[in-house]
Amino acid sequence: MQSYTLLRARGTDAAIRHARSAPSSYIAGGTDLLQLMKVNVETPSRLVDIASLDLRGIAADNAGLHLGALATMADVAASEQVRSGWPAISEALLLSASPQVRNMGTMAGNLLQRTRCNYFRDTGFACNKRLPGSGCPAIAGENRDLAVFGGSGACIATHPSDLPVALMALGAVVHIRSVEEQTRDVALADFYRLPGATPHVETLLQPGDLIVGLTVPPSNAARKSRYVKVRDRTSFAFALVSAAVALEVREGVVHDARVALGGVAPMPWRLPAVEAALRGKRADDDLWRQAASLAAEGAHPASENAFKITLVQRTVLHALHLVAA
Amino acid sequence: MPDSLMTRRTVLGTAAAAGLAAGSSAARAGNAPVPPSEATVGQTRMIVNGQPIALDLDPRTTLLDALRDHAGLTGTKKGCDMGACGACTVHLDGRRVVSCLVLAARCDGHAITTIEGLASGDTLHPMQAAFLEHDGFQCGYCTPGQIMSAVALVNEGHAGSDAEIREWMSGNICRCGAYPNIVEAVRTAAASEKG
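In order, the protein sequences belong to chains P and H.
Residue numbering for the first sequence is 1 to 325, as defined by my numbering.
Residue numbering for the second sequence is 1 to 195, as defined by my numbering.
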């Protein structure tokens, strides 16, 4: 690991000033950052410790669910307010990582977890995300776990986290602070960047920007939301495919529908065509089958991951059945 | 990676002496002033198994390495060093964490419990006794982490069924495959604590 200066920030503005004045990383839970630093994929000269900032709140009101950036995965998953109003968020978190890591990992950190693409995490290989312009060995190499949506000729890495998939389906907003501005609000749908020719740019965050929290609007669909995760082993594994589904059914007709996928794209992948196929239709098994059959439209599998096409359809179907049950 | 191994050994070699010195000065830890700057300089003061200790650490030192190589507490094991195996599980302010992904300098002012802190004198913690009774290990390398996780699991209220125990122990890998006996041990210890 390269050496660095560790600064303990006393306040949000101080943290941002520290982070802007040198190649820095904020450190919160540290569960992903330390892994990346140990293998020299991340080499900040300065770590700004934000653990003491007052950003751990979990609260709900008429405007929705408010999650502090530093609320832990474990605390949010266990919150009764989250479980009753936004169950897909709790489920996504409980299916993430391990109990130990969930005690450490935070909301903002989980949004910013880096891809688990093995080429990205091994400095012995080229990687356009780690070293822009060096090439992508995954496209003609080991790509079983990688993207079938949203990739480019430069990168087909997937976003590994579960939480943002649920947040994407439920329309979350990210609150970001920088020094010269007040807090600005960005829809999670606008927060991530697809790789295109610049896969090293993953979000709209600028140097020094600090995520301070999230808001998830309340809805009848959110109260009936579920998260389904398919992985190679029963627990403590990243998703091959996951699906967050939220439905509101009134008098047997689908009034509101939100569907997003994880494990298949560089960002949480919303499925507007599936949602459109569900809205206004009679809620029954035929509708679930018909809608789920559209879930892989537009997919471009790589050499080893065409199995995800069928898996996406089946995972969405399973999630629809769970929500409708 | 022979180069990085060499570096690490060199670091550990010099750190062992510092660790001994720090251990002997543990009694002074409570009186050290808080540095005025926000940079983390000077000693890291922690309460480990109820005892205050102060260590001089490189900011890169993980809690795992601080415990093993500086505080002389080698019960906590290093497996993957990447948060995947759970062998290094300890309790940080009462919550289980993987100490390989915790920077020791960030633990200043915090309380840590390791496997060495569970027993009361010669009397084993009920979870330690249950692992012995039910043969919850073979080689034993993962066992301190398994037991630290299991103690936390019971405190969290996740010992409701064998399936729940398995899920909430999933952060601890046992390559000998002692899982059935581990589940038995956790179930038994949890039941005895209730009774």
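It is worth saying that the hints were derived from the structure and are not from the lab.
Any given hint might turn out to be false.
Simulated restraints on C-beta separations [unchecked claim]:
1. H:175 to P:290: 26 to 36 Å
2. H:164 to P:52: 41 to 51 Å
3. P:321 to H:164: 36 to 46 Å
4. H:52 to P:303: 53 to 63 Å
5. P:252 to H:166: 34 to 44 Å
With the Cβ distance kept under 7 Å, some of the chain H side facing chain P (calculated, not the full set) [to be verified]:
6. 82
7. 89
8. 97
9. 106
10. 170
Backbone N, C-alpha and C define an ideal beta-carbon position, used for all residues, glycine too.
*asked:* If you test the structure against every hint from before, which numbers come out violated?
replied: 1, 2, 3
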